[in-house]
Amino acid sequence: MSAIEEVGSQAPAVEAVPKRAMTLSSGTAFVVVLLLLVVPLFVKNFIIFQMTMLLIYGLAVLALNILTGGSGQFSLGQSAFYAVGAYTSAILMEQYNINYALTLPVAGVVCFGFGFLFGQPALRLSGVYLALATFALATAMPQILKLGFFEHWTGGVQGLVVTKPDAPFGLPMSQDMWLYYFTLAITIAIYIFSVNLLRSRSGRAFMAIRDNEIAASAMGIDVATYKTLAFGVSAGITGVAGGLGAIAVQFVAPDSYTIVLAISLFLGMVVGGVGWLPGSFIGAAFIIFVPNIAEGISKGLSGAVFGVLLFLIIFLVPHGARQVAMVAQQLLSKVRKT
Amino acid sequence: MTQAQLARSSDPLLAVRDVNVVFGGIVALAGVSFDMHQGQILGLIGPNGAGKTTLFNCLSRLYQPSAGDILMEGRSILSRPPHRIAEIGIGRTFQNVALFPNLSVLDNVRVGTHARTSSDIISDSLRLAWVRRSESAVNTKVQEILAYLDLESVAHRTVSGLPFGTQKRVELARALAADPKILLLDEPAGGLNHEEVYVLGDLIRRIRDDRKITVLLVEHHMGLVMSIADHVVALNFGRKLAEGTPAQVQADPDVIKAYLGSKDQ
Numbered sequence: 001m002s003a004i005e006e007v008g009s010q011a012p013a014v015e016a017v018p019k020r021a022m023t024l025s026s027g028t029a030f031v032v033v034l035l036l037l038v039v040p041l042f043v044k045n046f047i048i049f050q051m052t053m054l055l056i057y058g059l060a061v062l063a064l065n066i067l068t069g070g071s072g073q074f075s076l077g078q079s080a081f082y083a084v085g086a087y088t089s090a091i092l093m094e095q096y097n098i099n100y101a102l103t104l105p106v107a108g109v110v111c112f113g114f115g116f117l118f119g120q121p122a123l124r125l126s127g128v129y130l131a132l133a134t135f136a137l138a139t140a141m142p143q144i145l146k147l148g149f150f151e152h153w154t155g156g157v158q159g160l161v162v163t164k165p166d167a168p169f170g171l172p173m174s175q176d177m178w179l180y181y182f183t184l185a186i187t188i189a190i191y192i193f194s195v196n197l198l199r200s201r202s203g204r205a206f207m208a209i210r211d212n213e214i215a216a217s218a219m220g221i222d223v224a225t226y227k228t229l230a231f232g233v234s235a236g237i238t239g240v241a242g243g244l245g246a247i248a249v250q251f252v253a254p255d256s257y258t259i260v261l262a263i264s265l266f267l268g269m270v271v272g273g274v275g276w277l278p279g280s281f282i283g284a285a286f287i288i289f290v291p292n293i294a295e296g297i298s299k300g301l302s303g304a305v306f307g308v309l310l311f312l313i314i315f316l317v318p319h320g321a322r323q324v325a326m327v328a329q330q331l332l333s334k335v336r337k338t
Numbered sequence: 001m002t003q004a005q006l007a008r009s010s011d012p013l014l015a016v017r018d019v020n021v022v023f024g025g026i027v028a029l030a031g032v033s034f035d036m037h038q039g040q041i042l043g044l045i046g047p048n049g050a051g052k053t054t055l056f057n058c059l060s061r062l063y064q065p066s067a068g069d070i071l072m073e074g075r076s077i078l079s080r081p082p083h084r085i086a087e088i089g090i091g092r093t094f095q096n097v098a099l100f101p102n103l104s105v106l107d108n109v110r111v112g113t114h115a116r117t118s119s120d121i122i123s124d125s126l127r128l129a130w131v132r133r134s135e136s137a138v139n140t141k142v143q144e145i146l147a148y149l150d151l152e153s154v155a156h157r158t159v160s161g162l163p164f165g166t167q168k169r170v171e172l173a174r175a176l177a178a179d180p181k182i183l184l185l186d187e188p189a190g191g192l193n194h195e196e197v198y199v200l201g202d203l204i205r206r207i208r209d210d211r212k213i214t215v216l217l218v219e220h221h222m223g224l225v226m227s228i229a230d231h232v233v234a235l236n237f238g239r240k241l242a243e244g245t246p247a248q249v250q251a252d253p254d255v256i257k258a259y260l261g262s263k264d265q
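Top to bottom, those sequences are chains A and B. Each residue of the first sequence is one higher than the last, beginning at 1 in UniProt numbering. Each residue of the second sequence is one higher than the last, beginning at 1 in UniProt numbering.
Because the hints were derived from the structure by calculation, they are not lab data. Predicted model only: the values in this text are computed from it and were never measured. By construction, the Cβ of each residue, glycine as well, lies at the ideal position given by its N, Cα and C atoms. Check the hints yourself; a few may be wrong.
[Said to hold, decoys possible] The following label-pair restraints were derived from C-beta to C-beta distances:
| # | chain 1 | residue 1 | chain 2 | residue 2 | range |
| --- | --- | --- | --- | --- | --- |
| 1 | B | H156 | A | V317 | 20 to 30 Å |
| 2 | B | S118 | A | R336 | 38 to 48 Å |
| 3 | B | V27 | A | Q143 | 46 to 56 Å |
| 4 | B | N20 | A | Q143 | 52 to 62 Å |
| 5 | A | R124 | B | P47 | 33 to 43 Å |
Produce the entire structure from the sequences given, and follow the hints as far as they go.
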């Protein structure tokens, strides 16, 4: 008991991400899921579409969080994996008439393989150098997608139009609403799998490598394998998100997946709190809504307003939403005590 | 170079055979040989730069000897990569404590069981029944070790905030979680005060007696080595100076000269 009190009396150790603090308590999780289930019933289709995009970007940020927060590897190349996932789904749906739901696991597996392979050369790099190598991948991807050689499948510069699926079994809901619930189910499943993974032997291996590679190796952890696995898992989840994104937006084109997307996802991770999985969705909300808010404040200077908002966040809460959540939790426990 | 071998009747658990290590022309170890037997506490001593840490790093496969061999239970370990040393029963601690600072004490010790368990990312993500069984076995074992080393009260604390002495015990706990046959301790007394060194000596002996673990102690602290080691190997300038019981080594004129300097210096 005394140990728990000691922890409570300490200043919040924001640098450390204990594993238990990586997730939400069951009560909070229940409320969040309930809200996500109920809210779409009362809002317009456009808002539902935005919520779908929030979940999709949330998944992509979550994937980056597993890579960076979990295994300690940086990536500015997530847009490349997202693009591969999006194109995989779009090509399978439009060129081969495969059911949209079946294209997602394919997108995941293809991207896992791609990420795993990319992780091999990346093993020799760390920190900013790894970030630069992944940056190169993100820069190259739109041009690769435009190549004449692939044009037969990718549609070249024009991209591909994707048909939005109807609700199955004659369910009385709009296409947008069906897609939202479909995305929500996948998001919850992937979230649970991710939490399981990070709490498991493999997850501990990731975090051990993040904290001290030599010690991890002395404990029997094959550093190279786990680092590439982390890349694979991260790319796989990003690929599923990309596939869902293609279906939701109904369109894939090379210039949707530029380095700007990769930087947005990185930004989402930092704003949400590196290593805090629920923060991924808060970070996703930030990268979707804050640019709009900035535009609302000033049309001509929206970029500058966005920059100021971002600066304020990093200045006031450098550890992002995780820090806000921790402070809130401490206040709440104080209120309960009195 | 095989006197030690002849003197013993049983097969050694770990045998160091004529190990040479050269760093770009500088000889760090030259033909060092000694045996470690089951249940021994072997003290490896020597002044700074004697080659203690170099030898230690050969044993944990961070350095590759240019000649010679290291045999664990009769088999060479030199073809194994560093991450496949724990599984043959060689555990280690680090000179200045190398824990996973952002993980809790519990998780640090759980990582120690990595070499003794198996899993794959798909089973782990789905938390399959066999993964749950394996995790609960890990937890039982980790709890036992935490209790053994009196770390239960800090089990959920993040390691980075703990006092140095406690971190050293966490590192020991992590090494024990891999069920080592041999425990390599790299200067465990470094940074500890007189009282703590005394407690540590007791603990190392207890670990050997209770858990039947053979210990290689690389240490500067003469008092500690001389009080707990059964057998001492002294190195200087990469060569073995002397070997024998603590009393024999302490009385060896070469060892005295290495530590205190000769008259004509």
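Hint check:
1. H156/B x V317/A: 20 to 30 Å: holds, 25 Å
2. S118/B x R336/A: 38 to 48 Å: Holds, since S118/B and R336/A (Cβ atoms, about 43 Å apart) stay within the stated range.
3. V27/B x Q143/A: 46 to 56 Å: holds, 54 Å
4. N20/B x Q143/A: 52 to 62 Å: Once the Cβ atoms are compared, 53 Å apart, the range 52 to 62 Å for Q143/A and N20/B holds.
5. R124/A x P47/B: 33 to 43 Å: holds, 37 Å
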